[in-house]
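*Asks:* Sequence:
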Amino acid sequence: MYSCGMYDWSGQFAFRVGLPAKSGVAGDMIMVIPNVMGIAIYSPRLDSLGNTYRGLKFAEAFIEKFNFHNYDSLVYSDCKKMDPRKAVTEIDQDNTSRFMYAAKSGDISAMKRYLLMGMNIHDRDYDDRTALHVAASEGDADCLNYVLSKWKESPEPLDKFQRTPLDDAKYFKHRECIELLQKAIERWNKSEEDIAMD
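Letter by letter, the sequence shown follows residues 1 to 198 in the numbering used here.
It is possible that some hints are incorrect.
Under the rule of at most 20 angstroms between Cα atoms (straight-line distance), these lysine to aspartate or glutamate pairs were calculated in the EDC-like manner [said to hold, decoys possible]:
hint, residue 1, residue 2
1, 190, 138
2, 57, 72
3, 104, 64
4, 183, 194
5, 150, 83
6, 152, 186
7, 80, 60
8, 152, 194
9, 22, 83
10, 112, 125
11, 104, 167
12, 150, 123
13, 81, 94
14, 170, 192
15, 152, 142
16, 112, 138
17, 170, 138
18, 170, 186
19, 150, 138
20, 81, 64
21, 150, 192
22, 112, 153
23, 80, 64
24, 104, 127
25, 152, 179
26, 160, 127
27, 22, 47
28, 152, 125
29, 173, 142
30, 112, 142
31, 170, 156
32, 173, 159
33, 112, 127
34, 22, 8
35, 152, 193
36, 112, 123
37, 86, 107
38, 104, 176
Hint data in this document are derived by calculation from the structure and do not stem from the laboratory.
Produce the entire structure from the sequences given, and follow the hints as far as they go.
*Replies:* So this is what it looks like as structure tokens:
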């Protein structure tokens with residue numbers, strides 16, 4: 001099916017869609033997603049090679065939306081394709097891990113990219129650590145300053161070990177990070193007092 005199911009269009013179909021398929025001259029077509037499902041399409045309008053025209057367009061649109069092409073999983077990419085085989089929580093955890101790694105590496109441009117993709121800066125990892133914890137532990141003042149500029153909650157979140165980002169900065173003796181966090185905590189406490197007085 002993969003190599004010759006679409007008549008003379010088989011090679012192009014294998015490259016563009018990357019799924020086994022078979023078409024018939026009556027306007028039908030079946031497409032198989034191995035170990036997942038099969039899709040049957042019936043639309044009699046044919047192209048010059050005897051394949052269903054709408055079926056081909058559907059297959060191309062389908063593969064643009066979903067991560068089923070043979071080569072989609074070979075390289076790491078930040079593409080927007082959905083993979084229905086993965087649970088939503090698994091995808092969220094992947095994004096959180098990538099965001100934390102960007103914070104650890106001091107890669108502010110990657111952090112901006114993840115935030116533009118809808119990542120929540122307040123997300124926590126398996127130890128309840130935030131990007132603030134990671135940046136403070138690494139001692140990267142620029143990265144910490146960027147995270148603080150986007151942070152909308154208390155800059156003293158507790159992780160699973162009851163430690164705050166300030167505790168981590170003090171433990172690793174990152175003076176500049178300590179100062180940044182102390183100023184952020186002062187600003188936060190002042191804004192909380194102002195709200196309480198109103």
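*Asks:* Taking the numbered hints from earlier one at a time, note which ones the structure violates and give those numbers from smallest to largest.
*Replies:* Of the numbered hints, 1, 3, 5, 9, 14, 33, 37 do not hold.
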